[in-house]
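Use these hints to put chain X onto chain S, whose structure you have.
There are 2 protein chains.
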Amino acid sequence: MLETLDLDKHLSKKEFKNLFEKCQARLGSLQREFRDHGIPVILIFEGLGASGKGRLINDLLLCWDPRGFTYNYVKLSPEEKDRYPMLYHYGIRTPAKGRISVFGRCWYREILDRGVEKGLDEKFFRDGVEMAGSFERQLAAGGALILKFFLHIDKKEQKKKLKEREKDPESAWSVTDYDWHQNRNYSKYEQVLEKIFQETDSEYAPWIIVEATDWKFATCKVLSTVQKAMEDRLSRKAGPLPEPVLPLHGSMASSVLDSLDLKKDLGKNAYKIELQKYQELLHSLELDIFHKEIPVIALFEGIDAAGKGGAIKRLAQCLYPRNYEVVAVGAPNEWELNHHYLWRFWKEAPARRQIKIFDRSWYGRVLVERVENLATTEEWKRAYREINEMEENLARFGTVIVKFWLQVDRNEQLGRFEARKEDPDKEWKLTDDDWRNREKWDQYMEAAREMLFRTSTTYAPWTIVEANSKQYARIKVLKTVCEAVKKALG
Amino acid sequence: MLETLDLDKHLSKKEFKNLFEKCQARLGSLQREFRDHGIPVILIFEGLGASGKGRLINDLLLCWDPRGFTYNYVKLSPEEKDRYPMLYHYGIRTPAKGRISVFGRCWYREILDRGVEKGLDEKFFRDGVEMAGSFERQLAAGGALILKFFLHIDKKEQKKKLKEREKDPESAWSVTDYDWHQNRNYSKYEQVLEKIFQETDSEYAPWIIVEATDWKFATCKVLSTVQKAMEDRLSRKAGPLPEPVLPLHGSMASSVLDSLDLKKDLGKNAYKIELQKYQELLHSLELDIFHKEIPVIALFEGIDAAGKGGAIKRLAQCLYPRNYEVVAVGAPNEWELNHHYLWRFWKEAPARRQIKIFDRSWYGRVLVERVENLATTEEWKRAYREINEMEENLARFGTVIVKFWLQVDRNEQLGRFEARKEDPDKEWKLTDDDWRNREKWDQYMEAAREMLFRTSTTYAPWTIVEANSKQYARIKVLKTVCEAVKKALG
Chain S
1 MLETLDLDKH LSKKEFKNLF EKCQARLGSL QREFRDHGIP VILIFEGLGA
51 SGKGRLINDL LLCWDPRGFT YNYVKLSPEE KDRYPMLYHY GIRTPAKGRI
101 SVFGRCWYRE ILDRGVEKGL DEKFFRDGVE MAGSFERQLA AGGALILKFF
151 LHIDKKEQKK KLKEREKDPE SAWSVTDYDW HQNRNYSKYE QVLEKIFQET
201 DSEYAPWIIV EATDWKFATC KVLSTVQKAM EDRLSRKAGP LPEPVLPLHG
251 SMASSVLDSL DLKKDLGKNA YKIELQKYQE LLHSLELDIF HKEIPVIALF
301 EGIDAAGKGG AIKRLAQCLY PRNYEVVAVG APNEWELNHH YLWRFWKEAP
351 ARRQIKIFDR SWYGRVLVER VENLATTEEW KRAYREINEM EENLARFGTV
401 IVKFWLQVDR NEQLGRFEAR KEDPDKEWKL TDDDWRNREK WDQYMEAARE
451 MLFRTSTTYA PWTIVEANSK QYARIKVLKT VCEAVKKALG
Chain X
1 MLETLDLDKH LSKKEFKNLF EKCQARLGSL QREFRDHGIP VILIFEGLGA
51 SGKGRLINDL LLCWDPRGFT YNYVKLSPEE KDRYPMLYHY GIRTPAKGRI
101 SVFGRCWYRE ILDRGVEKGL DEKFFRDGVE MAGSFERQLA AGGALILKFF
151 LHIDKKEQKK KLKEREKDPE SAWSVTDYDW HQNRNYSKYE QVLEKIFQET
201 DSEYAPWIIV EATDWKFATC KVLSTVQKAM EDRLSRKAGP LPEPVLPLHG
251 SMASSVLDSL DLKKDLGKNA YKIELQKYQE LLHSLELDIF HKEIPVIALF
301 EGIDAAGKGG AIKRLAQCLY PRNYEVVAVG APNEWELNHH YLWRFWKEAP
351 ARRQIKIFDR SWYGRVLVER VENLATTEEW KRAYREINEM EENLARFGTV
401 IVKFWLQVDR NEQLGRFEAR KEDPDKEWKL TDDDWRNREK WDQYMEAARE
451 MLFRTSTTYA PWTIVEANSK QYARIKVLKT VCEAVKKALG
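Top to bottom, those sequences are chains S and X. Every letter in the first sequence is one number past the one before it in the numbering used here, and letter 37, counting from 1, is 37. Every letter in the second sequence is one number past the one before it in the numbering used here, and letter 11, counting from 1, is 11.
These aren't lab readings, by the way, just hints derived from the structure by calculation. Small disclaimer: the values here were computed from a predicted structure and weren't measured. Every residue, glycine too, gets a C-beta built ideally from N, C-alpha and C. Careful: at least some of the hints might be erroneous.
To be verified - With a cut-off of at most 25 Å between alpha-carbon atoms, the simulated DMTMM-like pairs for lysine to aspartate or glutamate come out as follows:
#1 S:Lys347 / X:Asp65
#2 S:Lys313 / X:Glu170
#3 X:Lys160 / X:Asp177
Stated by the list, open to error - Computed spacing ranges between beta-carbons, pair by pair:
#4 X:Glu483 / S:Asn333: 29 to 35 Å
#5 S:Ala96 / X:Lys429: 53 to 59 Å
#6 S:Asp168 / X:Arg67: 42 to 48 Å
#7 X:Ala172 / S:Phe124: 33 to 39 Å
#8 S:Asn333 / X:Ala351: 24 to 30 Å
#9 X:Trp428 / S:Lys487: 36 to 42 Å
#10 X:Asp36 / S:Arg93: 51 to 57 Å
#11 S:Glu427 / X:Tyr186: 23 to 29 Å
#12 X:Arg67 / S:Lys486: 45 to 51 Å
Only chain S is shown next, with the shape it has when bound in the complex:
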């Protein structure tokens, strides 16, 4: 693939000046149009050492108003990198609507280095390539324009440029052992790169290989490609969006949800004994979580007054505050609405040793946002796959994911609403929304049925909790968390 390129392409000074100035002015106005249309742009630059990325990126950035772009050069210490899944480091850096994110170093660098080091069959490489694919598809489906540039020079040219740089005292520092390692292993890098191009090239996130022997040619090719892609997007007013992969049937006739025995209960004494038993067990497991550096997600969904808060409290009670965090998820704010809907959850991925307890979660997309028409049908249908992909990514990092659906029946809910209305300490918990949602009980149940069916996976299974008895529910939750953690500890 790379070998067929004509690397001798070049531009004269005059040709360059001419083309560059035209592109520059046009890119400036395109940035403002994209801002007005609210389209996010992601530009990725890769290339072996001395291919001239720094200079080229600077020329590109200087076309734009700094208020509208972010340049990301993500270089983390091994310790920082390993503390969070890859999705976290890059997900948090994706652009809001109308903004441009330029990556001078991104997930492909990590995948590339690992592929060269460990071979193309290694798990990290395979997982990385797959993650890149699903991540980019999700971003493109969310409306982002994505372009991936690879600045290409051949082995001889790289060697020549590295030597020139080493000679010049002002650039000698920029040549590292890593650059020479690349040059010595050039053919290996080439092989891994071709695999990456082959597996991650797509209509909605294409790779553009740039002949980079002559920086003038490379700069103009990049600028004009960005310009053309932006113009194309505006003229069609829509992306080259990924083919929608939507589930076929929208209604679930029956589900385990309909045959639950909600009468399950625990006596007051049994509850006390079990509560102490499992809280102590969890407290001791916390130590192993800490030592084995496992991230844990315990996620709670269920209709209003299903008892999420009480169950979470019993779970958190026995943990050290520095080890856990309760994330209460409400409607997204203005800031969050300007990003991909998963953005605010990428940010919340637990670090190693951290237990994150979610009081509601990303499943809002296929529950409240579906029922209340806050997302389009296409959006919430697409979300099942996107959520599964995100959870798979987290699970591959080693994250234990436990998901609870707390189920009460309509009568029990009504009783709890009435009780809240009476109690001055709990009255604030009851809002008009709660009553409104209650009217849509059947729609919420249908959404829950489909969610449970489509997102119960081996790596992130749902546990349905019979919650008419708060005591029974709390113990089932604690027990399930203990078992999941134990299983992960092996």
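Leaving out everything else, chain X in the frame of chain S:
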């Protein structure tokens, strides 16, 4: 100080249960009232190892709705810690209006350890204590309720508790060498702590020493103190705010600004030669900045069309994109308005090796916010000192700070406005705001005069740039940056 405490204080189980449950319910409703009033709360917990912080904090947090608080246990690797000034790590974690930030580990831990290790006269300790004072005063002046708890046990008790914990396999892991180091050096820690209490205790951010031998007593003391402080704040509807330290005179009769020679110019050829010379010089200095790990701030203020953008472009052109970032500062968004006005700038403190170029800055507080009445007189007057303190903090970390005021006269501004109106590529730069601001020329000049006078310091001096000639201005900017960096490199 610590020795006079009666550490035998304790509560019976029944007394505890009674008090605890009362406080718990009340704290829950106070949280909602604080949210409605938009008052931020900062609670700091310190204490030597085994003083029972973890359990106590958990009991406190479980009183509250997790949507409204953040628990911060800031433990950074030495590498991460050293990459940014202390203000960055903690500034970004201060609460928004109506939220509660609980710190289980904060700036005092760093100061304490350093004081024990290096003595009370060392620079880091002195600077740290001073920073704590100014930081807390700023936050309190911004409306925050601040309480600082120290959980106190004596040397014997600490030893006993550490031994008990070591015996229990479930808590043995929590006892570290650091804890035993504290116990062996107990009196040294006590000495440094007393110094810290003495120098950082204030009416608006008081230290509360908690007798922590009996966890029941300690928990109730903390909960009831928080409750009382919150109730007091609500009943007065205002803080124990710091005494305002405001400058005396509000109007500056004359300033160097009025006697500038704005005719200063450069010929086209001289400009080309000088531009190349200083861009090359800066490019080579970039290498030293990198190796010596110096953070740099270059900040630009000036009225509309003074030529900030053009000067910034000439500066950025010769830098590597991974080393610099242009931060364009506009009106704060909703999110930022909910925080202390410096919050969004704490977040932007440059890391080591990073050059941050600010297109407008925190000086907006004493310029546009003053002139347009977006801040109260008390607020912008207070800001001079707060800004100086922030810059001093950054400078102590080693940050080079260069500040430019670009001055053009009214005629020149008018000419530039007209030219923008004609040019389709620049027309977007001209807004109705620009014309409105022009009407307030004299007010802006008075604000600029006072700003230059009050915030030109040895550690962060202003450079006034005669900017009627763009060429002259750009060269003066480049030259000044080069000189400041050279000076810092020694």
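Checked hints:
The straight-line distance between the Cα atoms of Lys347 (chain S) and Asp65 (chain X) is roughly 21 Å, inside the 25 Å bound, and the hint therefore holds. At roughly 21 Å between alpha-carbon atoms, Lys313 (chain S) and Glu170 (chain X) fall within 25 Å of each other, so this suggested pair holds. For the hint linking Lys160 (chain X) to Asp177 (chain X), the alpha-carbon distance of about 15 Å falls within 25 Å, and the restraint holds. A beta carbon spacing of about 45 Å between Glu483 (chain X) and Asn333 (chain S) contradicts the range 29 to 35 Å that was offered as a hint.
With their beta carbons about 22 Å apart, Ala96 (chain S) and Lys429 (chain X) fall outside the hinted range of 53 to 59 Å. Range check, Asp168 (chain S) to Arg67 (chain X): Cβ separation about 56 Å, and the 42 to 48 Å hint is violated. For Ala172 (chain X) and Phe124 (chain S), the hinted distance range of 33 to 39 Å is satisfied, since their beta carbons lie about 34 Å from each other. Between Asn333 (chain S) and Ala351 (chain X) the C-beta distance comes to about 28 Å, which sits within the given range of 24 to 30 Å.
Between Trp428 (chain X) and Lys487 (chain S) the beta carbon distance is about 59 Å. The supplied range of 36 to 42 Å is therefore violated. With their beta carbons about 35 Å apart, Asp36 (chain X) and Arg93 (chain S) fall outside the hinted range of 51 to 57 Å. For the hinted restraint 23 to 29 Å between Glu427 (chain S) and Tyr186 (chain X), the CB-CB distance of approximately 49 Å leaves it violated. The beta-carbon spacing between Arg67 (chain X) and Lys486 (chain S), approximately 31 Å, falls outside the hinted interval of 45 to 51 Å.
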